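Chains as they are written, first to last, in my numbering: chain A, 2 to 242; chain B, 59 to 177.
In case anyone wonders, no lab produced these hints; they're calculated from the structure. Hints may contain errors.
[Stated by the list, open to error] To give an idea of the chain A side of the interface with chain B (calculated C-beta under 7 Å), a few residues: (1) ARG27; (2) ILE28; (3) VAL58; (4) ARG93.
[Said to hold, decoys possible] Quick list of in silico lysine-lysine cross-link-like pairs, DSSO-like style, CA-CA up to 30 Å: (5) B:LYS124 to A:LYS67; (6) B:LYS134 to B:LYS124; (7) B:LYS153 to A:LYS80.
[Said to hold, decoys possible] Computed far set for chain A versus chain B, every beta-carbon distance over 12 Å: (8) ALA88; (9) HIS104; (10) ARG130; (11) ARG140; (12) ALA141; (13) SER148.
Bear in mind that the values here come from a model prediction, so they are computed numbers and not experimental data. Note that beta-carbon positions come from the ideal geometry of N, C-alpha and C, so glycine has one too.
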Amino acid sequence: MARFLPPEAFGAATEAISLLPFNLERIGTSQYLVANMVGDFIRLTEDELNRLVDLRVRPGDGLFEKAYAAHLITGTNQKGQRQLLAARLRSRMSFLQQTTPLHIFVVTLRCEHSCPYCQVSRQSTDRSRFDMSEATAMRALDIAFASPAARIKIEFQGGEPLLNFPMIKDDCRRREGAVRQEGRLRHRVKPGALGRCRSRKANNILLSTLETSRRLSLSHSGDWELGCSSLVLSDAPKRTG
Amino acid sequence: MRHMLQAAKDFAPSPVEVAVDFDLSVQSLSALDAAAYRLIGTATCRVDRVGDRYVCRLTPSANPQKGAVLSSDDLKERFLNLVADENLRARVAEKTDGVRNVILALAFGSLAATQNDAG
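If we strip away everything but chain B, and leave its shape as in the complex, we get (with noise of 0.2 Å):
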């Protein structure tokens, strides 16, 4: 028999956390990761992973640094955003990571003493 984690045995939220759960074969941790970084301040956020998922507990913080309490729903709303955000943000550096190095290599490596030459 395989034991569920014990990180994950506390699955219930409580009443003021949020759980939102993603699926593990298409959500990155490190978008997740991210997003969770970008929400301090204003919540905190626990990455567990259950199973095939991973499960983000979220609670507001009860002081924010800037704005109001969020409440379930908009903090849901925020995180969502922002992982969507950071997901985008993989897509684009996976489409154009290599001619950044292309511009990199022209601004600072060796074809930067040479790129008057080329074409």
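Bound-form chain A, shown alone (with noise of 0.2 Å):
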């Protein structure tokens, strides 16, 4: 009569094991937190650590499993597990192979306001200090526009950008028509503040600016009902993402 092998038959307990990279870090004691080459992580006591650092595992003792499937481990002459981390880190690290299409331009570092969620620095006043100059805002688009990728979004944020609104314009009109043709430019605004307390003159550059460009677009955050709420607007915008 035919017979199932033992369990160890069917383990891989011959086969060499290895080490694959990982990271470590102390979280309590004897307690570590164990990252493979991609951010994926499990929990090991010091004990556990140890073992597999000096390859003290084997199949069936359950840290062998464990560590298996964390990529932390491999079997030497596998390289299946190679190829999927570098697969894995490829995907992760794909944005290295294009130069970024996002330029963050803080025209200014004032704003009015004092809003108590915000983390960005404030100033007042002292327009000449704290405003972007005109030749630091050219020599910005030039690098900006340097830039290989398909498609160029440039973000204007503060302080509250609007404040120094014509720089924005300027920045806009200088360069929007030199690029129109290749279709590449989109710019936002990021204002500082929530519409609800944003001053009626921003709300206003706001609403002009809406109403007249189909290339520039509205950053958010915060609630968007409230915030189209005080741009006293008829209609409001629509929401695109």
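Both chains come to you apart, so use the hints to assemble them.
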């Protein structure tokens, strides 16, 4: 009568194993967080970690399976895990293969609000010290447009970027024409404050901008309806993202 | 006569200082540096070479960024744990440097274009 072989017969105990690269961080008394090259992590005790580093693990002991599944060890002659880690690493770091399409211009550090949730440093006065100069803006635009990226997005931030709106308009006007044919330019203004506490002047700027420009979008943090309600728009802009 | 290094003259620790020494033949300076870096905000660490030993002088921060001021024993234990962890990281790096380079080459190097052909 045919019988199944014992469990040991199905293991890979005879194959040499080797470590894959990983990092470790102590998270408590005798406890470690161990992460592989692509950030998958498991928790190990100090004893388990030492056994792992010394390769004192064998199929069936629990730790082997745990470490193998987390890509911390592999069979010395296996290629699959190395290729899998490489593929995941390549996907994760794919942004390195192209220069960034996003360029953030902090056109001013001034802001007339003190919103409690805002982490950005704020200055109230001295336009000459805390606004981006025209020379800096032109140089920054040159750098942005030197990018070979298929699409370029320029984001104006602050402070409250609308306090330096003439520069934003100037930047858009001067450069948009030059690259319009390439069709790769998008502008985005990121107001520093929620619409609720934005000044009437800033609201008016936003209103006119949204009505006249198809190349300028509004990036909005906080509640969209709340922000739109204070824009005093008859028809709130459609949310696109 | 060989003079002792200037930095090593004040060997006796001050009352608030903890001194830990290591045999430089078995302990790397880079691991001590890394452990000292991780102590920032909790304590300062000065590493001096005295003869065949590294002497690490630990001084608890008066206003630690996190938690209470550590006692001498706790500070010493924390530092020794950090050094042990750094030594372990060095061991892992030494054992895995080769395969790390293979994986990086597969991901980003000239092998990346041909890896589908690999068996």
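Hint numbers not upheld by this structure, sorted from lowest to highest
The structure breaks hints 2, 3, 4, 5, 8; every other hint is satisfied.
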